[in-house]
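In order, the protein sequences belong to chains A and B. Residue numbers in the first sequence follow the numbering used here, run continuously in steps of one, and reach 114 at the last position. Residue numbers in the second sequence follow the numbering used here, run continuously in steps of one, and reach 114 at the last position.
Honestly, the hints are just simulated from the structure, not real lab data. None of the values given here were measured: they were computed from a predicted structure. Among the hints, a few may not be true.
[Claimed, not checked] When the alpha-carbon atoms are kept at most 35 Å apart in a straight line, the in silico DSBU-like pairs for lysine-lysine are as follows:
1. B:K9 - A:K101
2. A:K71 - A:K37
3. B:K22 - B:K83
4. B:K9 - B:K41
5. A:K56 - B:K83
6. A:K42 - B:K57
[Stated by the list, open to error] Computed beta-carbon distance windows for the label pairs:
7. B:P95 - A:D69: 16 to 22 Å
8. A:K42 - B:N26: 14 to 20 Å
9. A:L81 - B:E102: 40 to 46 Å
By construction, the Cβ of each residue, glycine as well, lies at the ideal position given by its N, Cα and C atoms.
Letter by letter, the chains look like this.
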Amino acid sequence: KTQVEQSPQSLVVRQGENCVLQCNYSVTPDNHLRWFKQDTGKGLVSLTVLVDQKDKTSNGRYSATLDKDAKHSTLHITATLLDDTATYICVVGAVVGDNSKLIWGLGTSLVVNP
Amino acid sequence: GGIITQTPKFLIGQEGQKLTLKCQQNFNHDTMYWYRQDSGKGLRLIYYSITENDLQKGDLSEGYDASREKKSSFSLTVTSAQKNEMAVFLCASIPGTGVYAEQFFGPGTRLTVL
């Protein structure tokens with residue numbers, strides 16, 4: 001069973017529109033959640049990290065929320081640009097004692113059209 | 001700022017061949033990782049290393065060897081390439097050893113096995 005599920009699988013928007021990406025997970029414990037952006041053919045770049053039980057972060061046009069009770073996170077992209085075309089991946093960090101593990105989602109593929 | 005470089009960028013191998021991928025980072029980070037990224041699957045951890053000459057197996061270590069020759073470099077060897085295998089291998093690093101730290105990724109090595 002997939003422990004980190006992202007939706008939608010793919011999304012197409014027009015430049016200037018806003019969009020919301022979802023991440024639902026069943027990982028326990030859920031110490032933190034991070035969103036990454038992966039441009040085609042490139043490595044992953046961290047956008048934001050969420051840590052608190054109910055957390056919100058903002059990084060320019062990217063804002064994110066986390067609700068650990070619902071085990072749910074959202075990534076909002078405001079006024080999309082062509083350069084936002086990429087795959088967005090969420091990852092949940094689980095720490096138990098000295099052991100830590102990252103559980104990765106499959107990503108949402110976002111295409112921003114002119 | 002620093003950078004992570006991976007060589008080669010593209011790797012084409014033959015079935016049964018031993019193939020080596022290299023990763024270098026100039027962040028002076030302690031921990032380095034090798035991940036495999038397949039279409040339709042989340043990132044899977046192959047090996048990681050918390051310091052020079054240290055090696056820790058991930059979930060997908062079977063079929064791979066790794067070597068942390070010095071702090072700045074981490075190599076991965078596919079011991080016997082599988083026919084029709086196609087995947088992207090991503091190297092990452094973090095300062096220290098904590099899972100909360102932001103991972104910095106290289107651009108990846110794209111493997112195709114004929």
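Hint check results:
{"no.": "1", "hint": "B:K9 - A:K101", "in the structure": "27 Å, holds"}
{"no.": "2", "hint": "A:K71 - A:K37", "in the structure": "21 Å, holds"}
{"no.": "3", "hint": "B:K22 - B:K83", "in the structure": "22 Å, holds"}
{"no.": "4", "hint": "B:K9 - B:K41", "in the structure": "21 Å, holds"}
{"no.": "5", "hint": "A:K56 - B:K83", "in the structure": "46 Å, violated"}
{"no.": "6", "hint": "A:K42 - B:K57", "in the structure": "25 Å, holds"}
{"no.": "7", "hint": "B:P95 - A:D69: 16 to 22 Å", "in the structure": "31 Å, violated"}
{"no.": "8", "hint": "A:K42 - B:N26: 14 to 20 Å", "in the structure": "18 Å, holds"}
{"no.": "9", "hint": "A:L81 - B:E102: 40 to 46 Å", "in the structure": "23 Å, violated"}
In summary, the structure is inconsistent with hints 5, 7, 9 from the numbered list given earlier, while agreeing with the others.
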